[in-house]
Amino acid sequence: MIQFGHVDKIYASGEMRVHALRDVTLHIDEREFVSIMGPSGSGKSTMMNVIGCLDKPTSGTYVLDGIDIGSASSKQLSVVRNQKIGFVFQNFNLLKRTSAIENVELPMLYAGKSRKERRERAEYCLELVGLKDRMHHKPNELSGGQQQRVAIARALSNDPAIILADEPTGNLDSVSSEEIMGIFKQLNDEGNTIVLVTHEPEIAAHTNRIIWFRDGKIESDRLNTERVFV
Amino acid sequence: MNMGELLKLSFRSLQTNLLRSFLTMLGIMIGVATVIAMISIGQGTNDQVTSQIQSLGSNLITVTASSSSGQGGTGSDVTLKLADADPISKIDTVKYVAPVMQATGQFKNGANLASTSVIGTTPSYADIKSWETDIGRFFTEDEVTDKAKVVVLGATTAENLFGKAGFDAIGSIVKINNIPFRVIGVLKSKGSSGSADLDDTAIAPITTVQSRFQSGSSRNAIRQILVEAKSPNAIQSTMALMEYTMRQSHKLGSGEDDFKVQSQEDVLSSAESVTKTLTLFLGGVAAISLLVGGIGIMNIMLVSVTERTREIGTRKAIGAKEGTILSQFLVESVTLAILGGVIGVLLGFGGSKLVGNMMSIKTAISLNSVLLAVGFSACIGIVFGVFPARKAAKLDPIEALRYE
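Residue numbers (my numbering), protein chains in the order written: chain A, 51 to 280; chain B, 3 to 406.
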C-alpha cells in the first residue's frame, strides 16, 4: 500500500538546509494499523506530509496504492489526496457554520459525486462513527470528541486507501481519546489501513506496529506485542 | 464542483459577514446607482428637449435677431422687423411664414382672471404649429390687416376664464390689459411638454399686439420669424436663400449678419451635444467611484483569504484543486459585485424617479444601461477578485493548515 524507497526530504530556505528525512525505506501493507512516533523535530510531521501527498520527496521513490507520487503534478496530487487519503487532523479542521453532514460530503463534492450519492454515503459514514442523530448539527454545537468523529466520517467518505491521522487525540480528554481510538480500531478491523502520527505512547499502544523516528531516520520499527484492546 | 454549489458556498460566506458584505458592496452600489440615475436623467432631459423642439413644428426654420456686436435686437437697435417677413414669403420653397411677437397679458372676464403671454402673429402660425381650433375659428389675414381686437385662447386660458366647458367663450368680450378683445376661437388641447403647459396661451393678430401692447423703441421689434419649408430636402437651400434675402433687405455684407437663421435640426443637435457632454462627464465621475468600489472588494477579499487560510488548507488537503479554490473566491467577489450592481440599479432607478418628479422631467431607463451597469460590475468583480482568488489558490496546504 505504502512504499518508501530511500526517501530524502530536504527543506532549503536561503542558506539554511534542513535534512528532514534521511534515506527512509518503509513498507506498509494493506489493513495495517501503524503509528509513527518520535520527539519533535524527528521528522514525523514531514513523514506525515509526504505520506499525505501534501509534499513530495526531494529524492527517492514513494508509491501509494500503485501510484508513483514522486512524478505526479500538483493537480494529480489533489486527486490522490481526494481519492486515496482520508485526513484526520489534531484540531479537527471542520468547516465552521457548516453542518456535520455537509462537512462529510465535502470530499465527495470535490470528487464530483451526485447529490444523492453524497447524501447516502455521508449518512452511512456518520452512522459508522455513531453520529447519525447529530448530522445536522454545526461543529460549534458538538463536543471535541464528536467533532473528531465527524472528521473521521469525512476521512472515510471517499473510501480512501489509507486513513492518515495527525495527533487525532491531541486536543481531546482521555475519555474521548479512548472513544476515538475505539473507532480507529473498529475501522481497522473492517479492513481499513490506518497510519497515525503521535507522540503519546498510550495512543501508540493501541496500534499494531510502531515506527520510531529520530533525526529524520527510522530508529526502530517493531510490531506492538503488548497491544491495548479497547 | 458545479456553479450551483459554488453559488451556495459564496452566499453562505457572504451571509456570515452580513455587515461587512454590505459595506463592501456599497462602493459598487453607489457607483452603479450614479451611472443609472445620470444616464436616465440625461436621457429624460434629452427626450424632453427633443420633444419640445419638435413640437415647434416640422421642417421649421426660425429667424431671430442677433447682432455681431452682441447687443441683441431690442432697444434702439431693432434688427428684426415685421417687414422682414415679406421678402421671405416670396421664396419658392417656403410654404408658410409667420412673424411672431410676444407680450404679457392680464386677462379678465368678469371676476375670472388669467395671466399669460399673448402671441401676436399671422394665420400661418396655426399651420406651422399645427394648432387647430376646438370651437370657433382662427383669425384671418383681413383681421390682421384691420388690427382687429380678436383673440384665440389656448385650452387652459379658456378654462381659467370661462370654466370647464368654455362653450360660451365664443363671441364673449374679455379684457386684456384692460383693452376689450372678442374671443373667436378656443384651441384644441396639446397637453404639456415637460413642465411647460402648451395650452396656457392666447393668440392675436400681430398688428393688434404691436399697436396695443408694444410701445417705445421696441415697438417694431419682433421676436422671431417662423418659416416652414415645403420639404425636408428644401431646408438647406431655403435657409441659404433666406440669409441672402435678409442681407439684401438689411443691406449687409456677409459676416455682418444681424440675424440668425436656424433650422430645427441645428437647435436639436446643439441641445443634444450639451446633454451628451454632461452625461459623459457624470459617467466619468461614476466610473471612478466604480473603480474605488472594485478596490474595496479586492481589499475585503484579501482579508477574507487571510482569515480563511486554515479553511483553504483543509479544503486543499481533502482534495480541492487550485482551480476549485480559485473559482470559489472568484464567484464570491463576482457575487458581491453583481449584487452591489443590482442594488445599485434599483437605487439609481428610484433616485432618478425622485429627481425626475422633483424637476418634473420624464426619466427614461434603458435596458441597455441596466445591462451595461450589471455587466460592468461583474467585470469589476472578476478584475479585482482574481488577485485574491489566485492568492488563495496558490496557498501551500501544509503552511495553511499550520496557520493560527
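The reader is advised that the hints may include incorrect statements.
Unchecked claim - Only pairs whose alpha carbons sit at most 20 Å apart, straight line, appear in this in silico DMTMM-like list of lysine to aspartate or glutamate: (1) A:K163 to B:E324; (2) A:K106 to B:D88; (3) A:K125 to B:E406; (4) A:K163 to B:E7; (5) A:K146 to B:D260; (6) B:K396 to A:D105; (7) A:K146 to B:E313; (8) A:K146 to B:E7.
Derived by calculation from the structure, the hints in this document are not laboratory data.
The structure presented is a predicted model; accordingly, all values stated were derived computationally and were not measured.
Hint by hint, here is what the structure shows:
Only pairs whose Cα atoms come within 20 Å are accepted, and K163 of chain A paired with E324 of chain B is accepted, the gap being roughly 19 Å. Of the supplied pair hints, the one linking K106 of chain A and D88 of chain B is violated, its CA atoms being roughly 100 Å apart against a limit of 20 Å. With a CA separation close to 26 Å, the supplied pair K125 of chain A and E406 of chain B exceeds the 20 Å bound. A threshold of 20 Å between alpha carbons decides the hint, and for K163 of chain A with E7 of chain B the separation of about 12 Å falls inside it, so the pair holds.
A hinted pair counts as satisfied when its Cα atoms are at most 20 Å apart, and K146 of chain A with D260 of chain B does not qualify at roughly 81 Å. Distance check on the hinted pair: K396 of chain B and D105 of chain A sit about 14 Å apart at the alpha-carbon level, within 20 Å; holds. A distance of roughly 9 Å separates the Cα atoms of K146 of chain A and E313 of chain B; the hinted pair therefore holds under the 20 Å criterion. A C-alpha spacing of about 17 Å is found between K146 of chain A and E7 of chain B, which places the hinted pair at or below 20 Å, so the restraint holds.
Figure legend: structure checked against the earlier numbered hints; hints not met, in rising order: 2, 3, 5.
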